[in-house]
Amino acid sequence: MVKAIVGANWGDEGKGKITDMLARQSDIVVRFQGGANAGHTIICDYGKFSLHLLPSGVFYPHTTNIIANGVALNVESLTRELKHLEDGGVPAPHLMVSDRAELLMPYHVLFDAYEEERLGGKAFGSTKSGIAPFYSDKYAKNGIQVADLDDPQRLRERLEYVCDLKNVLLEHLYHKPLLNVDELFDQLMGWREVLLPYVGDTVTYLHDAVREGKQILLEGQLGSMKDPDLGIYPYTTSSHTVAGFGCVGASIPPTAVKDVICVTKAYSSSVGSHKEPFVCELTGAEGEELRRRGGDSGEYGATTGRPRRVGWYDAVASRYGCMVQGATQVAMTCLDVLGYLDEIKVVTGYEIDGQVTDVFPVPARLNRAKAVYTTLPGWKCDIRGCTEYEELPQQAKDYVDFIEQQIGVPITLVSTGPKREEITRRTPKL
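With the sequence shown counted from 1, adding 3 to any position gets you this note's numbering.
Hints should not be assumed to be uniformly reliable.
Computed spacing ranges between beta-carbons, pair by pair [stated by the list, open to error]:
| hint | residue 1 | residue 2 | range |
| --- | --- | --- | --- |
| 1 | E89 | N183 | 27 to 35 Å |
| 2 | G411 | F188 | 38 to 46 Å |
| 3 | D167 | E89 | 49 to 57 Å |
| 4 | V197 | P310 | 30 to 38 Å |
| 5 | H65 | F188 | 38 to 46 Å |
| 6 | Y236 | T286 | 34 to 42 Å |
| 7 | D48 | D153 | 19 to 27 Å |
| 8 | R309 | R27 | 28 to 36 Å |
Calculated from the structure, these hints are not laboratory results. Being a predicted model, the structure only gives us computed values, none of them experimental. All C-beta atoms, glycine included, are put in the ideal place defined by N, C-alpha and C.
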């Protein structure tokens, strides 16, 4: 059986913990898109870890972890993460890297930074991890596949072609130092030695696993709002963040995906440029208080360390996010964070040009949207660590019930803290 776990919102929903929990029940965990530009924070028996490329099943000895063909593979980031696990006492994971995955090259990181510098005040707020230049090259057919490392002549020819293109931009648009083919070739030959123990035909492996009835978990990065087709374009990432892309990015038959778990936080948060539309945003003292209390150690990006924008729960965005993901169930995280509030607001509509709607609009209209709120009573007590849903205060359960009705998808899991065991199972009312 194949399950996908994805984000309903802007990313930062707390998918790491839920993925870690589901990985325990999985034979295979697959990263199917994105790169090292975002991360999952996992607190487990070995300690606290931030994963950026490695699948979240690496803490379980029975799990095979796959970096699939749809991933932007930053070899140096992968090496650092493996060392991070080793230093933390985690046994070496069972890891496979797709021979069809493409390499995130050093010049992708440079071009990402150069373009943000060139845009100045109009910059997109990139993490400068090279993701947009990587996917631009992939779809322009200028990428380097992992398999190319096994054919030095082919690799050098591709590097020469790419450098001819890139050096025109470096010289005439960015006015930066040119790329050197020899240096890049030598660097990639070094990467070859690092990757060789892990590389395999993950396409055939996963199709065989589907036929054998293995438990497979597809792990997505970021959330619905960051998808370049369905999100808040152009303030998105450059890979598809929806569960459907797992069928391409991991080469899984569409008919095999039976369950899509969408993760949503009990309030809203987003790392990104302040130019991005974020209708539910809380600013000032209220926003700072929520940011300080949020997550395990405040709302700051796992990759960048940047303060996240925070706000009330946005049911309009979440309903849409669950819809485009094809969610079959929802996991809600960070309910415990809201225990300090007397009242809690939920965005239940958008006012756009004098009309109120509960349908999430295209980005051109989203910039004109103003939040319409429904106010609910808070529960004013600490629920962190609760593991029995029925033991939660009635107001907390009412809050979850209300959101379930708003988004129209069963909420089956409610997290009450960052640790593995701090979670409750809920019987949906839908």
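When you take the CB atoms of H65 and F188, is the distance between them in 38 to 46 Å?
-> holds, 39 Å
Would you say the C-beta atoms of V197 and P310 sit inside 30 to 38 Å of each other?
-> holds, 34 Å
Holds or violated: 34 to 42 Å for the Cβ distance of Y236 and T286?
-> violated, 24 Å
At the C-beta level, are E89 and N183 separated by a distance inside 27 to 35 Å?
-> holds, 32 Å
So does G411 sit 38 to 46 Å from F188, Cβ to Cβ?
-> violated, 54 Å
R27 and R309 - C-beta distance against the hinted 28 to 36 Å = Taking Cβ atoms as reference, R309 and R27 lie about 31 Å apart, which means the hint holds.
Could you see if the CB distance from D167 to E89 stays within 49 to 57 Å?
-> violated, 40 Å
Take a look at whether the Cβ-Cβ distance between D48 and D153 falls inside 19 to 27 Å.
-> Once the Cβ atoms are compared, 38 Å apart, the range 19 to 27 Å for D153 and D48 is violated.
In the structure shown, a violation is registered for the earlier hints numbered 2, 3, 6 and 7, in ascending order.
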